[in-house]
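Enquirer: Next come the chains, spelled out residue by residue.
2 protein chains.
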Amino acid sequence: MIIRHPQIMHVFDQNATKFALLKTRLSEINDIESAAALLHWDQATYMPVRGATARGRQLATLKQISHEKFIDPAIGELLEDLRPWEANLPYDDPAASLIRVTRKDYDRAVRVSSEFMAKLSRHQANCYEAWVKAKAENNFAIVQPYLEKTLELSQEYSEFFPGNQHIADPLISLSDDGMTVAQLRPLFAEFRQELVPIVDAIASQPIADDICLHQDFPEHQQLEFCRTIIERIGYDFTRGRQDKTLHPFMINFSIDDARITTRVYENNLTQALFSTIHEMGHALYEMGNSPDFEGTPLAGGISSGVHESQSRLWENLVGHSRGFWECFYPQLQGVFLRQLSQVSIHKFYRAINKVARSLIRTDADEVTYNLHVMIRFELELDLLEGKISVRDLPEAWNESYRRDLHLIPPNDSIGVMQDVHWYVGTIGGMFQGYAIGNLMSAQFYEAALKFDPEIPVEIEQGNFNLLHNWLKENIYQHGRKYTATEIMERVTGSPLSIQPFIRYIRQKYGDFYSLRNEN
Amino acid sequence: MIIRHPQIMHVFDQNATKFALLKTRLSEINDIESAAALLHWDQATYMPVRGATARGRQLATLKQISHEKFIDPAIGELLEDLRPWEANLPYDDPAASLIRVTRKDYDRAVRVSSEFMAKLSRHQANCYEAWVKAKAENNFAIVQPYLEKTLELSQEYSEFFPGNQHIADPLISLSDDGMTVAQLRPLFAEFRQELVPIVDAIASQPIADDICLHQDFPEHQQLEFCRTIIERIGYDFTRGRQDKTLHPFMINFSIDDARITTRVYENNLTQALFSTIHEMGHALYEMGNSPDFEGTPLAGGISSGVHESQSRLWENLVGHSRGFWECFYPQLQGVFLRQLSQVSIHKFYRAINKVARSLIRTDADEVTYNLHVMIRFELELDLLEGKISVRDLPEAWNESYRRDLHLIPPNDSIGVMQDVHWYVGTIGGMFQGYAIGNLMSAQFYEAALKFDPEIPVEIEQGNFNLLHNWLKENIYQHGRKYTATEIMERVTGSPLSIQPFIRYIRQKYGDFYSLRNEN
Chain H
0 MIIRHPQIMH VFDQNATKFA LLKTRLSEIN DIESAAALLH WDQATYMPVR
50 GATARGRQLA TLKQISHEKF IDPAIGELLE DLRPWEANLP YDDPAASLIR
100 VTRKDYDRAV RVSSEFMAKL SRHQANCYEA WVKAKAENNF AIVQPYLEKT
150 LELSQEYSEF FPGNQHIADP LISLSDDGMT VAQLRPLFAE FRQELVPIVD
200 AIASQPIADD ICLHQDFPEH QQLEFCRTII ERIGYDFTRG RQDKTLHPFM
250 INFSIDDARI TTRVYENNLT QALFSTIHEM GHALYEMGNS PDFEGTPLAG
300 GISSGVHESQ SRLWENLVGH SRGFWECFYP QLQGVFLRQL SQVSIHKFYR
350 AINKVARSLI RTDADEVTYN LHVMIRFELE LDLLEGKISV RDLPEAWNES
400 YRRDLHLIPP NDSIGVMQDV HWYVGTIGGM FQGYAIGNLM SAQFYEAALK
450 FDPEIPVEIE QGNFNLLHNW LKENIYQHGR KYTATEIMER VTGSPLSIQP
500 FIRYIRQKYG DFYSLRNEN
Chain Y
0 MIIRHPQIMH VFDQNATKFA LLKTRLSEIN DIESAAALLH WDQATYMPVR
50 GATARGRQLA TLKQISHEKF IDPAIGELLE DLRPWEANLP YDDPAASLIR
100 VTRKDYDRAV RVSSEFMAKL SRHQANCYEA WVKAKAENNF AIVQPYLEKT
150 LELSQEYSEF FPGNQHIADP LISLSDDGMT VAQLRPLFAE FRQELVPIVD
200 AIASQPIADD ICLHQDFPEH QQLEFCRTII ERIGYDFTRG RQDKTLHPFM
250 INFSIDDARI TTRVYENNLT QALFSTIHEM GHALYEMGNS PDFEGTPLAG
300 GISSGVHESQ SRLWENLVGH SRGFWECFYP QLQGVFLRQL SQVSIHKFYR
350 AINKVARSLI RTDADEVTYN LHVMIRFELE LDLLEGKISV RDLPEAWNES
400 YRRDLHLIPP NDSIGVMQDV HWYVGTIGGM FQGYAIGNLM SAQFYEAALK
450 FDPEIPVEIE QGNFNLLHNW LKENIYQHGR KYTATEIMER VTGSPLSIQP
500 FIRYIRQKYG DFYSLRNEN
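Chains as they are written, first to last, in numbering that gives the first Met the number 0: chain H, 0 to 518; chain Y, 0 to 518.
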């Protein structure tokens, strides 16, 4: 090689050095975050109860060190110095993408003062304690002052980002970067308008019989069956594991260590089964990231919505499909012979797809689920805009449930206090991802089927490679490289829309129910 | 309160402020170390295999951050500034002790360059890999060059501490602070001189029959029995837990979270049982630290020898005693009715106390065990002094075994390569703690019995409070406040001696064997 322009080489070397320096710093931060994640996993799975005090301190220390290291001005300078280099690289070049995504994270992190973040953290811990007590005693008044403070702090957080159209936008951006109230409000309004008549139509017809799911199903058999199923789908137990926790979750400490948890109800076959497939969906996404992204901000999922789209795609569009059970139901019958040998696949399929208005979001079927989510999203906006006060929230909650689900919670514990989100997070940005995820799951799956119509045929034969590979190729491998809007356009050729989900629901449930076709 | 001497108050305030600052820094470091310990525990228990690469990186990062934060000159300055304050406090004042112990750790840490520590770490990881391969293939030549490098690095480490009497002293001080070759060599020579005739006498008489321990003992029953026993002794499962690992260990993440691990052999009842009691002994020590020491360098155990004295005290002096099994043997028979109902307590007691010359340290009985340890200690000194080379080590090993145990290892895998210590640590300082621990265990126990002769009577009735409380009061609560020499003098009124151990062995085994009384 002949070096004709040594000064250019010099600049190139400088950029390469600075980029390497940036990556080293980011990798160190990633290691600290991963250690913090393990502290959290251990706390939820195996930690002895009295380890909690020290664990809280350890988690706080690691989070603080990681935050301090990330907002170090040296990172800002590196990002600034690398700007011209980045500008000359293609948009989706890995280095350019890493710089771009890091800069976005950095700009957000440095905007908010460390003092505020510490104050918010401390408050969230106190608010959570109050919620546990308030929920157990069914007394919203206990947590009300804490939630009022949460609302204040949420508004205060938003003020660190002046120039937003809506006060909720910075909070929404925390989990669904780029999404705004201006975009979501009309989308959800349209969604609700389509969904309510479908729910009304279903609710007016006889309810599905799911008694077959509520027999006695021993825990170890359930867990073994869950394990078999996800291993067959493609969850790699050399790169993950499953444990029991109070609430199911996915957590990962590297691309090659993405763990899931579940809970088992012996009198309900669906809890462990579908939470396992759900969390597996999250894990497949993380495990499918390009190995080159390991230890960098490019590893992970784009947003709460996109992540949820992957868990819901596997849980609902695949895991609740007739084809899936054509393959697995005989095995399930084999495991639970006494309980299921007399239950036909049709009866089982109807039972797991029972649609009914209910009070609890996490137990809701895939049709009514979105109404639960949109109620919460609207209440968040009303609170942030000052249209309702925290004091009025329980009543507003109940009124929304009456309006959309024709049910009124008998008490606040399973009403306004049912979900932990507001009580350990912020008001604003906590729920939209669940509905966006459902919409995206159908839109992505439609694109997958368009790409290869054989996918459902393969699934019926217990072969998940076609779909899994398509998802890896189109979504998983890219990690956080593209935004949610970009990946949606790239993969489906269209912006986010409610139509694929509505088509999916109409087609699937049209087989059981008479649904007036409104479109 | 009237402040008469504001300038004194000011100095006091300054000291208090500086001391608080020091504690804050140390607590942060302790949090990072605890997180690293959890990463290690997870790797040994539940981590999926392919998580190992990222885990290695995460551990290295945390260790480096903790090291950097500890050798920060600001800590040195605080320690220096606090010197006059410390000098005016009583020696065993908690604040003075914290400053004194921290200074000792700090002085040691800053002596060795970070570059050297990084080099040593990298080499140790490589050497470990080579040892795994060499041991599996029974080929010492594979690991020999790595071990030669380890020897060099061990010598190099020692050079950071000029002015020592013996090159091994700084290495010994790493785990048994204050102990020296000048002290240990004559002590061990005396120990060996007493021990060899006892072993010879026993070996000349019929060997105990332990076939009753080698039946089929299902794993879950073994684990449940172990759990019951240690809970009865005083291990608090709200502050710890037990899991399975390849090699048993104790690890703790706070005073209130001290976990143990074990392994189970279904054809050998003693493996899980006594390793559980052993690790429980380590855990009781950590759990018994004064709660005020949480998160400071005063928490923990004094030295490898003192820590081992606590595990061996419970494992051997209590767990292998006749009184202990008077209480528990009927329960053990109940758990393993088919296997043990025909085995008398006398037969069982003889079986668990079988003494026989053998090749493997970790399987050795409490009498011959110390010969294994002293062989290693002598070989370490010979290597460091250049009396033998690494190349000659296998032969020297075999010759030592022939001399002291009348056995020659059939191959190097169960000869010179049987223990991991040299291959993942240093040469020097790796083994003396095991023999010191055995000596101390007998000396402490003798002191306990002198304090309250009822202890063995209580144990026979399954009541361990008398002994446990005495240990808490005299040893556990003090954490690292006193040195090994100090605690020995405080608790037993004498310096470390071989006599209590020899008395214990002579008395116990004199019941079975004819032992010429040499004293």
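Simulated from the structure, these hints should not be mistaken for laboratory data.
Honestly, I wouldn't trust all of these hints.
[What the hints assert, rightly or not] Computed cross-link-like contacts, PhoX-like style, restricted to lysine-lysine with a CA-CA straight-line distance of at most 20 Å: (1) Y:K68 <-> H:K243; (2) H:K68 <-> Y:K62; (3) H:K62 <-> Y:K243; (4) H:K353 <-> H:K243; (5) H:K17 <-> H:K62; (6) Y:K243 <-> H:K68; (7) H:K62 <-> Y:K68.
[As the list claims (entries may be wrong)] Some chain H residues flagged as far from chain Y (calculated, every beta-carbon gap over 10 Å): (8) Y45; (9) A117; (10) N125; (11) Q192; (12) A202; (13) H213; (14) R231; (15) T237; (16) I351; (17) P393.
Using N, Cα and C, we set each Cβ at its ideal position, and we do this for glycine too.
Enquirer: Each hint should be assessed against the structure and marked as holding or not.
Expert: Results of checking the hints against the structure:
{"no.": "1", "hint": "Y:K68 <-> H:K243", "verdict": "violated, 36 Å"}
{"no.": "2", "hint": "H:K68 <-> Y:K62", "verdict": "holds, 16 Å"}
{"no.": "3", "hint": "H:K62 <-> Y:K243", "verdict": "violated, 30 Å"}
{"no.": "4", "hint": "H:K353 <-> H:K243", "verdict": "violated, 26 Å"}
{"no.": "5", "hint": "H:K17 <-> H:K62", "verdict": "violated, 25 Å"}
{"no.": "6", "hint": "Y:K243 <-> H:K68", "verdict": "violated, 36 Å"}
{"no.": "7", "hint": "H:K62 <-> Y:K68", "verdict": "holds, 16 Å"}
{"no.": "8", "hint": "Y45", "verdict": "violated, 6 Å"}
{"no.": "9", "hint": "A117", "verdict": "holds, 14 Å"}
{"no.": "10", "hint": "N125", "verdict": "holds, 21 Å"}
{"no.": "11", "hint": "Q192", "verdict": "holds, 46 Å"}
{"no.": "12", "hint": "A202", "verdict": "holds, 45 Å"}
{"no.": "13", "hint": "H213", "verdict": "holds, 30 Å"}
{"no.": "14", "hint": "R231", "verdict": "holds, 18 Å"}
{"no.": "15", "hint": "T237", "verdict": "violated, 5 Å"}
{"no.": "16", "hint": "I351", "verdict": "holds, 30 Å"}
{"no.": "17", "hint": "P393", "verdict": "holds, 36 Å"}
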